[in-house]
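Protein chains: 2
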Amino acid sequence: MKKYQQLAQQIKDQIELGVWLPGDRLPSLREQVTNSGMSFMTVGHAYQVLESQGVIVARPQSGYYVAPRQVARTTPAPAKVMSDETVDINTYIFDVLQASCDASVVPFGSAFPDPRLFPLQQLNRSLATVGRTVAAMSVIENLPPGNEALRHAIARRYAQQGMQVSPDEIVITAGALEALNLSLQAVTGPGDWVIVENPCFYGALQALERLRLKAVSVATDPQHGIDMAALKQALNDYPVKACWLMTNSQNPLGVTLTPEKKRQLVSLLQEHNVTLIEDDVYSELYFGRERPLPARAYDERGITLHCSSFSKCLVAGFRIGWVAAGKHARRIQQLQLMSTLSTSTPMQLALVDYLATKRYDTHLRRLRRVLAERKQHAWQALHAVMPAEVKIHHSESGYFLWLELPEGMDASVLSERAIAHKISIAPGKMFTTGNAWANYFRLNASWLWGEREQQAVVTLSRLINEMKET
Amino acid sequence: MKKYQQLAQQIKDQIELGVWLPGDRLPSLREQVTNSGMSFMTVGHAYQVLESQGVIVARPQSGYYVAPRQVARTTPAPAKVMSDETVDINTYIFDVLQASCDASVVPFGSAFPDPRLFPLQQLNRSLATVGRTVAAMSVIENLPPGNEALRHAIARRYAQQGMQVSPDEIVITAGALEALNLSLQAVTGPGDWVIVENPCFYGALQALERLRLKAVSVATDPQHGIDMAALKQALNDYPVKACWLMTNSQNPLGVTLTPEKKRQLVSLLQEHNVTLIEDDVYSELYFGRERPLPARAYDERGITLHCSSFSKCLVAGFRIGWVAAGKHARRIQQLQLMSTLSTSTPMQLALVDYLATKRYDTHLRRLRRVLAERKQHAWQALHAVMPAEVKIHHSESGYFLWLELPEGMDASVLSERAIAHKISIAPGKMFTTGNAWANYFRLNASWLWGEREQQAVVTLSRLINEMKET
Chain R
639 MKKYQQLAQQ
649 IKDQIELGVW
659 LPGDRLPSLR
669 EQVTNSGMSF
679 MTVGHAYQVL
689 ESQGVIVARP
699 QSGYYVAPRQ
709 VARTTPAPAK
719 VMSDETVDIN
729 TYIFDVLQAS
739 CDASVVPFGS
749 AFPDPRLFPL
759 QQLNRSLATV
769 GRTVAAMSVI
779 ENLPPGNEAL
789 RHAIARRYAQ
799 QGMQVSPDEI
809 VITAGALEAL
819 NLSLQAVTGP
829 GDWVIVENPC
839 FYGALQALER
849 LRLKAVSVAT
859 DPQHGIDMAA
869 LKQALNDYPV
879 KACWLMTNSQ
889 NPLGVTLTPE
899 KKRQLVSLLQ
909 EHNVTLIEDD
919 VYSELYFGRE
929 RPLPARAYDE
939 RGITLHCSSF
949 SKCLVAGFRI
959 GWVAAGKHAR
969 RIQQLQLMST
979 LSTSTPMQLA
989 LVDYLATKRY
999 DTHLRRLRRV
1009 LAERKQHAWQ
1019 ALHAVMPAEV
1029 KIHHSESGYF
1039 LWLELPEGMD
1049 ASVLSERAIA
1059 HKISIAPGKM
1069 FTTGNAWANY
1079 FRLNASWLWG
1089 EREQQAVVTL
1099 SRLINEMKET
Chain H
639 MKKYQQLAQQ
649 IKDQIELGVW
659 LPGDRLPSLR
669 EQVTNSGMSF
679 MTVGHAYQVL
689 ESQGVIVARP
699 QSGYYVAPRQ
709 VARTTPAPAK
719 VMSDETVDIN
729 TYIFDVLQAS
739 CDASVVPFGS
749 AFPDPRLFPL
759 QQLNRSLATV
769 GRTVAAMSVI
779 ENLPPGNEAL
789 RHAIARRYAQ
799 QGMQVSPDEI
809 VITAGALEAL
819 NLSLQAVTGP
829 GDWVIVENPC
839 FYGALQALER
849 LRLKAVSVAT
859 DPQHGIDMAA
869 LKQALNDYPV
879 KACWLMTNSQ
889 NPLGVTLTPE
899 KKRQLVSLLQ
909 EHNVTLIEDD
919 VYSELYFGRE
929 RPLPARAYDE
939 RGITLHCSSF
949 SKCLVAGFRI
959 GWVAAGKHAR
969 RIQQLQLMST
979 LSTSTPMQLA
989 LVDYLATKRY
999 DTHLRRLRRV
1009 LAERKQHAWQ
1019 ALHAVMPAEV
1029 KIHHSESGYF
1039 LWLELPEGMD
1049 ASVLSERAIA
1059 HKISIAPGKM
1069 FTTGNAWANY
1079 FRLNASWLWG
1089 EREQQAVVTL
1099 SRLINEMKET
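From first to last, the protein sequence lines stand for chains R and H.
At position 378 of the first sequence (counting the first as 1) the number is 1016 in my numbering, and the numbers step up by one without a gap.
At position 264 of the second sequence (counting the first as 1) the number is 902 in my numbering, and the numbers step up by one without a gap.
Honestly, the hints are just simulated from the structure, not real lab data.
A hint or two may mislead.
Heads up, the list lumps identical chains together, so a pair's fine if it works in one copy or across two of them.
Within a straight-line C-alpha distance of at most 25 Å, the following computed PhoX-like cross-link-like pairs (lysine-lysine) qualify [what the hints assert, rightly or not]: (1) Lys650 x Lys965; (2) Lys1106 x Lys965; (3) Lys641 x Lys899; (4) Lys1106 x Lys1029; (5) Lys1106 x Lys1060; (6) Lys996 x Lys650; (7) Lys852 x Lys870.
Input sequences plus hints: build the corresponding full structure.
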């Protein structure tokens, strides 16, 4: 093959791969000469050939463009399990999450609240402000444990609740998920036993699998939360190293433990010398009069690593969370330094700037009010339309509803059928290692209720009715 | 203890912990009442007590403030190894890196180039632009594999070099470090053997330790790079799963492999069915006429995961890198989804916006020129001042110099003494598992050479002379 043919083929391959899309301007002849090291003659020849084949079009005074295609570019097929991979819970969760990323899907399965509830203008002002400083471009000052002013601001929010957390034990992370993963890694080694709730946040199950830990699932219910007798049993029966729990607005159930139960939990874990990894990302989203305390508030012996973030109550896209890690803070910094190095500097600085405006609490009050209203609205709409056999569990916090289908019905089948109608839900299977919650699903009720949402609920109801008949 | 005494004690504890610093305004009486649920009377009493003890001061019309201290707040002591931890390479690296974060230290040990060389104004403009959209606050559209437009822009830069990389195999990560860690995790399990260079980027050693992998170190030298005979031997002797290498401007040596050697490397690894994890973060910083290709360009069988980032050539603080992962792309997305979820949305969008301005190549040309000049300048300054026994290895790329002390001299001792004089260096010990490079250190030459830098080199020289005498 001659040089010009090689270049022409290379460009064709790139178009095939999607590097250049129909309508894209290709590098100019001059640029191509520089890039390829070939002569003007060769490059010109290659472009002529491509033009004659209808692959590219020349526009005078403008350059060469990829020709439009007859057939529109197909959107990728819904992700399938690849043949060389085991079908595991991670692949399942991955597929469900990927499905809800499509903007055309009604995101009832999403884990994140409607981003339109976040204070866009103020955050943007903060972003623009911090971008003006050379500090925003540097990573050095914000290496683990992270920006000092941000750690201070977080410590002060703990202090508002009467909790004593030093800025020095706080490590800023890429959302609560990194905080939880680093915490787990800091206090366990492969093969160790860890207690999780059943059902629980799927991130816990994934972290355990990734770190090759063994899970002890402890029964948890929508009314009362974790079963203390079962927890006691588990602690007696297994050499447990850590316990990963949500004490406030548990995901997916929404249940918040009573102060008394939190106290019992901490003292039980202290007795067994087990570390508590507390995932507390929803605690700002209470509907009552008072913000519930985390279990950490009842822990006087420092067995709790308290993880939280701004992702559910201020901004998800920034990916900023933290862990108040007590004596494990240094180990967690080390682990972070060797896995992601640190979180983005402008994101940390923008949050510092935003928090300094003191608008955060005002925003949170509004957010709680709107989420409570929307959840109530969604509950009513579901109640009016859903088949009578479907139970809707409603909790006094957060933005999730937990729906119970008739026994024997599989919510993951409903999920598959719903996705075909461009509706996502989060089936119970995502939140458990066993089959206990197969007939449940989680529904994100943070969206403004409109025609689209109403229609989606009607469709879900129809699909459930169809499943009943078969 | 009475309620007001409890509150007073709590606030004192918070001041002790550093939650409130001298001069900070405390929550107002009204705020404190809301936070604590105590009465105005009780809170007022607590504040009075604190005021009478001199812990806080009241300023009329303004509020209560933490009293200034007599003794300035001590800065934290240099990190020491904690008693419950093993002294390992990670702790050592961590301590050295933490030391260079202090703004008062001359950062010869830093891994990052001078952030003042980055296009601050344009990046800020991009940041401000993307912040105006609600999309910047959302995480959904940018979940793994990451923003589509950014993946396209990266694929096009590969295409500029004549490489065929599809946007679909690119995963956006928190810097190259996350890309490398996820790549390693995707293709190995605990106990597997992995080849690294000796010396190599310390991040590789840390990743191996964190993932409980076994390292085979292969000799690498400043002139010719990795020793191919030794590599062959290693591949024959160990059941190696992966090979983590830098083929362009190797860290710390600065050596770039010849195209012929890259080709040999790829074919040798293909023969042994070993995955190549290629760390290519410095390849934009060549000083010659042409950008060197990575080994990935010679790989027709898809054994290479090519990792890179914008951190060394555009902006470090954003923490954006990527991996062109071929058939491993899906697995890497899964691993990311369960460890950090995704990278910051505004950071991804800001880079898309910046890259669309087409100023990147202009910036890179300037950056390369300035780095070459500064490195040359640093080399001359060192040459003029350093004891004659010190060899300075100079490479035609990047911003590191590799200094060789007389045999038997320990650069980590020099490092300790230099830190006492507020100068950081990166001793050879950081880059190796053995002792082979104990008398070497890496020096960051990206800084504008001024009085401070000159003085630091004089001090280093004096310290070396003192070490010679003992």
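Now for the hints, and whether the structure bears them out:
For the homomeric pair Lys650 and Lys965, the shortest alpha-carbon distance between copies (21 Å) is at most 25 Å, but the shortest distance inside one copy (58 Å) is not. For a Cα distance limit of 25 Å, the shortest separation of Lys1106 from Lys965 qualifies neither inside one copy, at 54 Å, nor across copies, at 41 Å. In this assembly of identical chains, Lys641 and Lys899 lie within 25 Å of each other by CA distance solely across copies; the values are 24 Å between and 75 Å within a copy. Only within a single protomer do Lys1106 and Lys1029 lie at most 25 Å apart by alpha-carbon distance; the minimum there is 15 Å, versus 80 Å between protomers.
In this homomeric assembly, Lys1106 and Lys1060 come within 25 Å of each other (Cα to Cα) only inside a single copy, at 21 Å, whereas the closest approach across copies is 74 Å. For the homomeric pair Lys996 and Lys650, the shortest alpha-carbon distance between copies (23 Å) is at most 25 Å, but the shortest distance inside one copy (55 Å) is not. Taking the closest pair of Cα atoms, Lys852 and Lys870 come within 25 Å of each other only inside a single copy of the chain (18 Å); across copies the shortest separation is 39 Å, beyond that limit.
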